[in-house]
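Undergrad: Chain residues, written in single-letter form:
Protein chains: 2
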Amino acid sequence: MYFHALIPFKPKNPKTRLSAVLSQEEREEFARVMLCDVINAVNRTGCTATLLTTSKYECHEALVAVRKEGLNEAINWALPQFHCPAMIIMSDLPLVTAGALQKVLSTDKDMAIVPGLGGGTNVIFVKKPEKFHAEYYGFSFRRHLEIAKEAGLSVEIVDSMRLSTDVDEPSDLVELMIHGRGLAREWLYGHGFELNVENGRLKVMRNGETIV
Amino acid sequence: MYFHALIPFKPKNPKTRLSAVLSQEEREEFARVMLCDVINAVNRTGCTATLLTTSKYECHEALVAVRKEGLNEAINWALPQFHCPAMIIMSDLPLVTAGALQKVLSTDKDMAIVPGLGGGTNVIFVKKPEKFHAEYYGFSFRRHLEIAKEAGLSVEIVDSMRLSTDVDEPSDLVELMIHGRGLAREWLYGHGFELNVENGRLKVMRNGETIV
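Chains as they are written, first to last, in my numbering: chain A, 2 to 213; chain B, 2 to 213.
Excised from the complex, chain A in its bound form (with noise of 0.2 Å):
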């Protein structure tokens, strides 16, 4: 089956609650390696990527469609474009593998949305992208079931950890080194980043400071 990837990405002072542990020039680096990770698991799976990012950005593995409005307008801009079933994918998403991927791809129903940790979305896979419309931010997860209702889409809700740990916060650090694969993993452990156990809790290190 042939489908298509949308991947929003923010390239200029992005990941800003993790300032207190990556300075501006770091934070850009990270959000750009994580963004690798699920370019190369998207490409993994057989499916082509676009990037909206909301300025001028270099990609040698994805197209890259600059606008300017916000995520939800951006997205709502590109999904009636799309002839294919489509994935909508975040790009802080570092654990992400291409069989984790295939779970969401595989779907028998309509649609496949997999949610954040705290009531954000994700991935949605959308068979017929004409018929459904992003509304991001606060509890996206159920506004996005309901749009699906209100269309008249069935929807699976698919259980991934990998899929469902965004990196946001500095104790979101963890699960990507503990689990992450790719690049923002490397990158993290290159950059001073360690694990260590202190009183039987795990904590994530700095150049010797324990930061979570």
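Because the hints were derived from the structure by calculation, they are not lab data.
Small disclaimer: the values here were computed from a predicted structure and weren't measured.
Incorrect hints may have been included.
Which copy is meant is left open, because identical chains are indistinguishable; a pair holds if it fits in one copy or across any two.
Claimed, not checked - List time: in silico DSS-like cross-link candidates among lysine-lysine, alpha-carbon distance up to 30 Å:
#, residue 1, residue 2
1, Lys104, Lys128
2, Lys110, Lys57
3, Lys11, Lys69
4, Lys104, Lys150
5, Lys11, Lys204
6, Lys150, Lys204
7, Lys204, Lys16
8, Lys204, Lys13
9, Lys13, Lys150
10, Lys57, Lys150
Fit chain B to the supplied structure of chain A, relying on the hints for placement.
TA: What follows is chain B alone, placed relative to chain A:
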């Protein structure tokens, strides 16, 4: 295939990291309803269960063995006594479903393991329990992989948000309130907990006050 589940359980003063939001009595009740959700899912897979409890406890849906020693000692006392495949599952996994457990039980490896968020181990399934021993606490997920390797056991790591999400901290309640399907979720809603979107982010409230 016939197999048996071991569920460690602490009836008295459990879940102390929830003390800020639940009284001791409430924590004991909440721990019991979470345990019920786990036992129900286990039983729906066709599996029988034994609780390893730290003190006397009445339960009609499972066998009960009171063990005064520590968690690891209790489990490692029980494991070699099995003459069938065994699952060790934590009692604080109220997102569990029989379907998620089936993914674990259907492994074609010698054992399957589900990590907990933060480096712990939430579920272990081992076909020859006498070849394995448990070492919980700290970075137990890594330790359990090492133990399997030393014992020459092949391992599948099962990717499941439902089974990776253990409820320890107030922030974990969000996932239960969104994705729970059993008694524990009902218990929270029956005790004044609710979800609310505040400034675009999902919050847990209790009786009008923001908890997380």
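Undergrad: With reference to the structure, classify each hint as holding or not holding.
TA: Going through the hints against the structure:
In this homomeric assembly, Lys104 and Lys128 come within 30 Å of each other (Cα to Cα) both inside a single copy, at 14 Å, and across copies, at 26 Å. For the homomeric pair Lys110 and Lys57, neither the shortest alpha-carbon distance inside one copy (36 Å) nor that between copies (47 Å) is at most 30 Å. Taking the shortest alpha-carbon separations for Lys11 and Lys69, only the intra-copy value of 11 Å comes in at or below 30 Å, while the best inter-copy value is 54 Å. In this assembly of identical chains, the alpha carbons of Lys104 and Lys150 lie at most 30 Å apart whether taken from the same copy (21 Å) or from different copies (28 Å).
Taking identical chains as interchangeable, the C-alpha atoms of Lys11 and Lys204 lie at most 30 Å apart whether they share a chain (29 Å) or sit on different chains (25 Å). Proximity of Lys150 to Lys204 under the C-alpha cut-off of 30 Å is restricted to the inter-copy arrangement: shortest distance 24 Å between copies versus 42 Å within a copy. Taking the shortest Cα distances, Lys204 and Lys16 sit within 30 Å of each other both inside one copy (21 Å) and across copies (20 Å). For the homomeric pair Lys204 and Lys13, the shortest alpha-carbon distances inside one copy (29 Å) and between copies (28 Å) are both at most 30 Å.
Proximity of Lys13 and Lys150 under a CA criterion of 30 Å is satisfied in neither setting, with 36 Å inside one chain copy and 44 Å between copies. Proximity of Lys57 and Lys150 under a CA criterion of 30 Å is satisfied in neither setting, with 36 Å inside one chain copy and 47 Å between copies.
In summary, the structure is inconsistent with hints 2, 9 and 10 from the numbered list given earlier, while agreeing with the others.
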